[in-house]
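Peer 1: Heads up: the sequence lines are chains A, B, C and D, in that order.
If you want the working numbering, it's the position in the first sequence, counting the first as 1, plus 3.
If you want the working numbering, it's the position in the second sequence, counting the first as 1, plus 3.
If you want the working numbering, it's the position in the third sequence, counting the first as 1, plus 3.
If you want the working numbering, it's the position in the fourth sequence, counting the first as 1, plus 3.
Fair warning: there could be bad hints in the mix.
To be verified - Some residues of chain B that are not near chain C, with every Cβ distance over 10 Å (derived): (1) 8; (2) 19; (3) 33; (4) 46; (5) 54; (6) 88; (7) 98; (8) 103; (9) 114; (10) 120; (11) 134.
Unchecked claim - What follows is a set of in silico ranges between Cβ atoms, one per label pair, in the way DEER data are often shown: (12) 100/C with 75/B: 27 to 33 Å; (13) 51/C with 102/D: 28 to 34 Å; (14) 99/C with 8/A: 37 to 43 Å; (15) 119/D with 146/A: 37 to 43 Å; (16) 102/D with 45/B: 44 to 50 Å; (17) 54/A with 126/B: 50 to 56 Å; (18) 121/C with 119/D: 47 to 53 Å; (19) 75/B with 84/A: 46 to 52 Å.
Unchecked claim - Under 7 Å between C-beta atoms, here's a sample of chain B residues computed to sit facing chain D: (20) 18; (21) 20; (22) 99.
These are calculated hints, taken from the structure and not from any lab test.
Since we're looking at a predicted model, the values are computed, not measured.
Glycine is no exception: its CB is placed at the ideal position from the N, C-alpha and C atoms.
Residue-level listing of the chains:
Protein chains: 4
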Amino acid sequence: MHRFEIRVRYGDVDQMGWVYYGNYLRWFEIGRAEMLRSLGRTYREVEDDLGVLMPVLEARCRYFHGARYDERVTIATGLLDHGRATMRFGYRILGEDGETCAVGLTEHCFTTRDARLVRPPAMLRDLLGLAPVVDDGLRAQLGA
Amino acid sequence: MHRFEIRVRYGDVDQMGWVYYGNYLRWFEIGRAEMLRSLGRTYREVEDDLGVLMPVLEARCRYFHGARYDERVTIATGLLDHGRATMRFGYRILGEDGETCAVGLTEHCFTTRDARLVRPPAMLRDLLGLAPVVDDGLRAQLGA
Amino acid sequence: MHRFEIRVRYGDVDQMGWVYYGNYLRWFEIGRAEMLRSLGRTYREVEDDLGVLMPVLEARCRYFHGARYDERVTIATGLLDHGRATMRFGYRILGEDGETCAVGLTEHCFTTRDARLVRPPAMLRDLLGLAPVVDDGLRAQLGA
Amino acid sequence: MHRFEIRVRYGDVDQMGWVYYGNYLRWFEIGRAEMLRSLGRTYREVEDDLGVLMPVLEARCRYFHGARYDERVTIATGLLDHGRATMRFGYRILGEDGETCAVGLTEHCFTTRDARLVRPPAMLRDLLGLAPVVDDGLRAQLGA
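One chain only, chain A, in its complex shape (with noise of 0.2 Å):
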């Protein structure tokens, strides 16, 4: 899977003293834009060039241990699955010390700017085709 590290910021943690729950969908967010960044394209060209967005249309997060501020982060993205008009990342957020901090998902359309249902542009398809999946093990822990 294609690894990426951030770090986490004071305005991203909450009183708890760990990374508030919303903030995990962000980081899925700079995951698969650097895993397409990786591939050699950018999502920035996908909405500039092709004028196809790729909205959401579902996500999901397990939490199993909460980052803390100034912890570095690694965000791990993959190809999960796609079909012929959607399709599926799966992330595994890993703390500084290896351990996961949380699994989740993110299931996407096309769409013209204009919010019509397209295919996936052949480009974004092809590039997609070249995608790192996800392992087993986090295949298993999103059930999906």
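Take the given structure of chain A and dock chains B, C and D to it, following the hints.
Peer 2: Just chains B, C and D, lined up with the frame of chain A:
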């Protein structure tokens, strides 16, 4: 189900012109806090007076229709189910014209401030016995 | 000055237990949007009907007393002053017990959607002529 | 001045297509945390080991040019000045092509965990004596 209205703010919306997908989890938090308040207690009291935290074990959201800037959305919240040591809330986000923007759930456990798992305190168990439950439509949509 | 109440949410508070300092600028945005609404129009209409944006040129905030989780805070908003091409709003954030949590200001210009500077449209100029102005105490605190 | 690069994420951008104005204060936080780290210590250590917090007394930001989605921005951070009980940092946010997106400052005091004002601990004072200072151009732009 308990209903609470909020307004979409400028910073909530991304460049697609719809509410950023991670922000719905914040709305779920508002929904369960206000449902608890409507029953006569607050989550702040649960933390401060009982010393009990309710961290999130899992969150799911399915997105149907993006909410827009300045739209008045309704957060409908209900109890989905509970076990001896966990409980789940269900949520429906309704747009101004009554259509469903999103549905979701959160699962929670109960811990002390130093993160030891505990049973829910009696006050909270009694309170949640009075909570509105999710309607059958939402239960079916959540598949849970 | 125009007054609008909001409640501090869990995700707004950092691990110090006080509202994260950047979130006050979001409250200023809420304050000026609701002040405009109280005058009979909305910022959404300004953007959608007039095609005019009001980007922020400058923002300042002085912090006196941190707001806490679940606290009910009041955003007091007024017009600070305006020139031919810019205008400034002043804000006071009041805690539940009436003490001042923070004061601040934002300065705005007017642009088309493609970022060309324009004069404020007549509708907006007329409207803002009706806006409440900041009180002398706030003006002094802002030193502006 | 100390330089640190970050990338603009989807959720950072509002429907104007530019970074939401409140998010720059988060970047200032990143800038001062990373400047401190570059000097050999971390803000987490200041809080955890010394028991000292550095709450913000004032924040200012002037906006010149909005940063866009996926843009790589540089946060330049330096010490602006300090008194016996307070200190100020200055910041310049640079876009990918080197233009200035924004400049700003934050003023901080030093407190114990229970919010009593204290002098900065010697370790911190020594450390900040080594910190890069803001350049004259920034000082002039900040008018401070």
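Peer 1: Are the hints correct? Go through all of them and say.
Peer 2: Quick rundown of the hints versus the structure:
1. 8: holds (13 Å)
2. 19: holds (16 Å)
3. 33: violated (6 Å)
4. 46: Non-interface label on residue 46/B violated, nearest chain C Cβ at 7 Å vs cutoff 10 Å.
5. 54: Non-interface label stands for residue 54/B: nearest chain C Cβ at 15 Å, farther than 10 Å.
6. 88: At roughly 22 Å from the nearest Cβ of chain C, residue 88/B sits farther out than 10 Å, so the non-interface label holds.
7. 98: holds (14 Å)
8. 103: holds (22 Å)
9. 114: Correct as stated: the minimum Cβ-Cβ distance to chain C is 15 Å, above 10 Å.
10. 120: holds (20 Å)
11. 134: At roughly 19 Å from the nearest Cβ of chain C, residue 134/B sits farther out than 10 Å, so the non-interface label holds.
12. 100/C with 75/B: 27 to 33 Å: Since the Cβ atoms of residue 100/C and residue 75/B sit about 29 Å apart, the hinted range of 27 to 33 Å holds.
13. 51/C with 102/D: 28 to 34 Å: Roughly 30 Å apart at Cβ, these two residues keep to the hinted range, so it holds.
14. 99/C with 8/A: 37 to 43 Å: Given range 37 to 43 Å: holds, Cβ gap about 41 Å.
15. 119/D with 146/A: 37 to 43 Å: violated (50 Å)
16. 102/D with 45/B: 44 to 50 Å: holds (48 Å)
17. 54/A with 126/B: 50 to 56 Å: The hinted range 50 to 56 Å holds for residue 54/A and residue 126/B, with Cβ atoms some 55 Å apart.
18. 121/C with 119/D: 47 to 53 Å: holds (50 Å)
19. 75/B with 84/A: 46 to 52 Å: Hint violated: Cβ distance 37 Å, outside 46 to 52 Å.
20. 18: This interface hint holds because 5 Å falls under the 7 Å limit.
21. 20: Interface hint status for residue 20/B: holds (5 Å vs cutoff 7 Å).
22. 99: violated (17 Å)
Of the numbered hints stated above, those contradicted by the structure are hints 3, 4, 15, 19, 22, listed in ascending order.
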